[in-house]
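Peer 1: Chains as they are written, first to last, in our numbering: chain A, 1 to 499; chain B, 1 to 308; chain C, 1 to 697.
Derived from the structure by calculation, the hints contain no laboratory data. There could be a bad hint or two in this list.
Stated by the list, open to error - Example chain B residues on the side facing chain C (calculated, C-beta under 7 Å, incomplete):
#, residue
1, L223
2, N225
3, A281
Yeah, the Cβ is synthetic: ideal placement off N, Cα and C, and Gly gets one too.
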Amino acid sequence: MSVGVLLAVSGCSVAGADPIGEGPDTLRVVLPEEPPTLEPCDASLTATGRVTRANITEALTEREPSTGRLEQALATKWTRTSPTSWTFTLREGVTFHDGTPFTAEAAAFSIKRATDSDIDCNVDGYIFTDSEVTATPVNDTTLEVKTAKPDPILPLRLSFVEMVPTTTNPGARVREPVGTGPYRIDEWSQGRFLRLKRYPGYWGKAPEYAAAKYVWRAEGSVRAAMVTNDEADVAIGLAPEDGAGDRAVEFATNEVSFLRMDAGKAPLDDIRIRRAINYAIDREGLVTAVFAGRPSGQLVAKGVTGHNPRVRPWPYDPERAKKLVAEARADGVPTNRTITIIGRNAIYPKAAEAMEVVQDGLLKAGLKVEIKMLDVNAWLEYLLRPFPKGIGPTLLQAQHGNQAGDAAFTMGQIYGSKGAQSSYGTPELDALIDQAQLAGGEARQKAFADTFAYQNDEVVRDAVMANMTGIMALSSNVRYRPDSATNDEMRLADMHRTD
Amino acid sequence: MFTMLRRRAVSSVIPLLVVVLGVFFLARLTGDPANLYLPLSATPEMRAEFAARNGLDDPLLAQFGDYLGQVAHLDFGESLRTAQPAGEAVLRAFPATLQLAGWTMLLAILGAVVIGSLAAYRPNSATDRVASFLSSTAASVPDFWFAIMGVLVFAVTLGWLPTSGTSGAAAWVLPVVTLLIRPFGVLVQVVRGAMVSALSAPYVKVARSKGASESRVVFGHALRNAAAPALTVAGDLAVGLVNGAVVVETIFGWPGIGKLMIDSVLQRDFAVLQAAVLLTALVIFALNILVDICHALLDPRVRQQAAA
Amino acid sequence: MLPKDDVLRRDVEKDVKGGESGPGSGTDGAKGAVVRAKWPALLLQDRFAFAAALVLLLVALCAVLGPLLIGDLATRQNLRDPSRPPFSLDDGWAYVLGSDSLGRPVAARLITAAGTTLSVAVPAVLVSLVVGSVWGMWAGYHGGWRENVSLRIADVILSFPSLLLAVVVLYVFSPSAANIVLVLAVARIPVYLRTARAEAAELRSRLFIDAARTFGTSGWSTIRRHVAPTVLPTLLTVAALDFCFVMLTESSLSFLGIGIQPPDVSWGLMVAQGRQELQSAWWIALFPGLAIVITTVSATVLAAWARLSTDPGQRWRRGLRRRGRRPQPTPTTAQEAEVEPTRAVPAGRTAEPGPAASETRAEPTLAEAPPTTPDTLAVDGLSVSVRTPAGSLPVVRGVSFGVRSGETLALLGESGCGKSMTAHAVAGLLDPAAEVVGGQARLEGEDLLALGARARRRLAGPGLAIVFQDALSALNPVHTVGAQLAEPFRIHERMSRRAARAKAVELMERVGIPEARSRADAYPHQFSGGMRQRLLIAMAVALRPKVLLADEPTTALDVTVQAQIMDLLRELRSEQQMALVLITHDLGLVAEHADRVAVMYAGTVVETGPVAEVFGKPNHPYTRGLLDSVPAEQHKGSRLSSIPGGPPDPRSVPSGCAFRTRCPMARDLCATQRPQLAETGTDRAAACHFGKELADA
């Protein structure tokens, strides 16, 4: 009886809310989670960016992930007019989805909105931490951008600032933005699906699919099953064990998993222990049994400015680890002090198992180790300054993805002694970082590469584990070549029909 | 009956307030949301600003006072995550869970009545033993395991059902069955127990001594007496469905309140969490009252007590 | 004042977990019969319960000894060759269930996990059981504000989805086994609280007038002595199901990443981690899942068994297990069926099974005696057995009697002598545990016991009707009396609702219910005891039955009402020319209202005859003993308790004459030979070797 009432009250609104049978012109994509908003200035957030960027909204420039080169987008030309100012020439004939033309005024508005407003834009914190910019329109198609300090990579930074019309609310996040991209938002039925439709007034080449429909499922095996079951064309964020079978496509991402050591606290303040930890981790074992990836020795992936091909992953050498620990113990290092691994659930597939592997290795090396798995928010307390007081030495399970393609977005934050995510640094390392950040061109690449090598040889603050491999499933009627940026920016225009 | 309703409604106000209070303070104990909503490199000034903007820098009691004031005007605050009114998000998610739970309970009750009665009709018979074994197994299957197995078997291997989603009747099968399995198992045992007891009651013998057919004995006489205990347990199980809904909604991509609640805890989205718990508590209280009304309808003795 | 919701809830939680009430009055013979055996012996008798106990013991052993047995096997990783399939002994027994994604043996992990699992589940269940039930009993016993506040607290906890509560609390206090125990216990406390409170409140309403309080015993000792024993069986059953709830919730918490923290391992965590591998390595999640299921099912089975064993009202059910294992005895094999149980009784209790076979012969003497007018109902050699774990137990042993139209026959005997069982057997209303193993019951020549169910139903009402002892439980509490009285007409005469109701009102008027028209819409609980008995009688006589069996129709009533009811019965008997069988232990009633009497002892009729003659000059020492124990002319209302000793346990009925152990006239002959019911005069018979002597004396 009660049930009848419940049903009567609720009506029947769910059934048939998102009919399948979208037709072959619609690309069906299944994501691990629903985007919280599609706010363009949060585009550096994975969940938001992979839908928004280059699909709904576009930036002035865009980085080609395979080469690392900066390409034209809404700007066709940029020149550095002085150490602190740049001039951008904007593309003509571009219109927003609402029909208004894209002008320098809109670009200036977008930059101001993203970098200097009350919205707490993610882009602002991620890309513009240490730089202040002011943009002024010179005329309709010319934009001048000034920085407070010399900034050799401003155009790269601007590849994260999505262009929105001046009618966009400057004081609050927008859920459904208007952009210049090849697709515009057709319908967002919250919790159920998000449908994009091809924008007929797009300035560039029209994409192949007339529409795209995003749905989201939290469970990897369900996402994989949707592709094998022909309920979706594209599934992302899969793990090897999710069972996508021959529909699975692997690709190198820019994510690198690592353990951050609390090098200020005994016994981790002894470099022998830090080295021992690196030798004790079976990286090959991890990528065989736990997650997909390639063992790595540095925090940035190939293709990022500053990547040092000579920094190799640490070899698995339990004997040497044991010896180092024994040596340190003989010198009075308190090796029996308990080290806590601070893990984060679901940071990557089988996160807890990965830490069990690490723990097993360290125990065998003669250290005392405990695991504590936390949820994101609690984990962030450990990741970010100020760190929790009164805790023992920790190893923090972390993962870093340098989306922007320049080591500057890695170094200062993670290795600088004052970096927001840095547990330890040395003055020498700080100096190297500062130097590299001001360099440009080839010198920049070399300076950062040297910094990574120095960190790896002399500081050993981290135990870098692996450059993670992404797995996506593609149905047989879709052709797409994922690249290292796919997880953050999945271009629908790059998806093609096989027939 | 109205006296009873009024009394129940009045006596629910304080517990409801306690629920709101509890969730308000517990939620804030789980940590500052600033870390999640500000960029990793946020400066202390940005954090302070964030706290001020979201009213998180006031003393807790003042925050609670403000919140109650807002709620009184049906303003549940804004979601940090999705930048939209929390009340709206909760109301949008609620019907999906309600329908899922409604169908689940309907089927669980119907199935349990049929199987429980069959089992009780001949206690300790083979039917009874099989039903008891199956129902206690059903009551102890981990639901997320069952859900994923369901997807693998019925969607991937056999291709009979869609893996997930909310479109079409076929998509309802796996979520409903997953959600149903535990309450069904428990209910079969309850109905069986109550029916055994009712079927051995003297009034059943009297009915038989009047020449009543077996169906009349079972459905006309025993079932209504057995319904009362089953009803209360069904009420409690319906309340517990919110737990199962978390799993079902997570796996099948069902846009309901269970996942919304867990997500809002994970995301420290206090406004949504509070609104969701408040609404669920309201519905649970309403459900309890509904169960009581059903009791009164079923049993004249309860009716009389209620009137007194 | 009891808050309403809990009045509503009370019967529920009591019934939930198997609140099967005691058997009807029909099994009174069996109830006392079951010997209180020791529980291990009882456990051995139930294969399912025994298997369940073994499983739980094994799990407990794993939990305790696991770490010693396994050593570090459970954490030994093999990353180069993970996820080995199960059922291969190549790598040693530990790998028989395969290995997990880190190459650790699943079997060894299962055993190690048993300890963690139990160390969460057992304390969580125990804490909620103890706190919840003590709190609930305290609240229910005292009532008032304590009860109200407690219930509101329970409301608050219950309206928080427990999984959400667990998540929030574990985020605040970090997930550890102790915190998980705590939060799960808190989430379940209200369930026990409400159950215990409801039962305690019910008891309070009874104890209030009871001596316990006035004697000044403290609240707690009353709770301990009176409340706890009644409440506990129910709570234990709830606890068994909660065991499963806790394990599953712990598993769900692991699914959300806040359950047991690795490298500790529980079954729940194993399932949660293994779910990721379901497609590639199903065994990682399946075996721990099975462990949860098997443990839970075992706990439930054992709890159901424990409930059955601790509740005296439930014991008889255990006998049902025998059904189907042995072919149903047909009337022709009745004698064997009667003999068998004697053998099944443990040696040393009844040593001499010998005479049994010869005893049961030649019973139908009375029925074959030519009556002047044919009996409307003739019961002939009726035997009824009750199934018990120890075998089939005869409780009615060859009973024969006859009754004519317009005549009242009293079946007189102490409780437990099988008289109610006889009536229920004739009416076809035996509990499933009891079965007719021999004899006939002919209604106007048609053997009721040989009829099919349908034919039997046709006669129920117009042919034979029965009036029960306890009118309150015999009337369906949820239907109006009008509807219940109309039912015979609806069933047998297919009358319309309206017409049947008019007949019902007529009947109510006939049996003397004032304002019958309006009161037809009232419910049984709104009538007084006497009125209810009238209603019950009205229902029985609705279709003018040829035979009316009245089973202790006045026991529950006070003396003045008793008389009114008996007068009503007598009036109806003559009005409708019924044959009335009055089953009673009350000599006074028999003396006043019956024409003939059949005295029963230990499942047999020991003496029959016209009341005046039998009471004037009993031909059986038992009858004489009965009468002697009551001063003449004061028979009314007296109980049959003045003969030394008590009636025999049906499991150990003395050989030969069942009465000989209490009989002042007993001799050697009585021990070896069972006396048959034999004629001792005109229309009189007695089952005594000295019946004739007594008659002639």
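Peer 1: Confirm or reject each hint.
Peer 2: The hints, checked one at a time:
no.	hint	in the structure
1	L223	10 Å, violated
2	N225	6 Å, holds
3	A281	4 Å, holds
Violation of the numbered hints given earlier is confined to hint 1; every other hint is satisfied by the structure.
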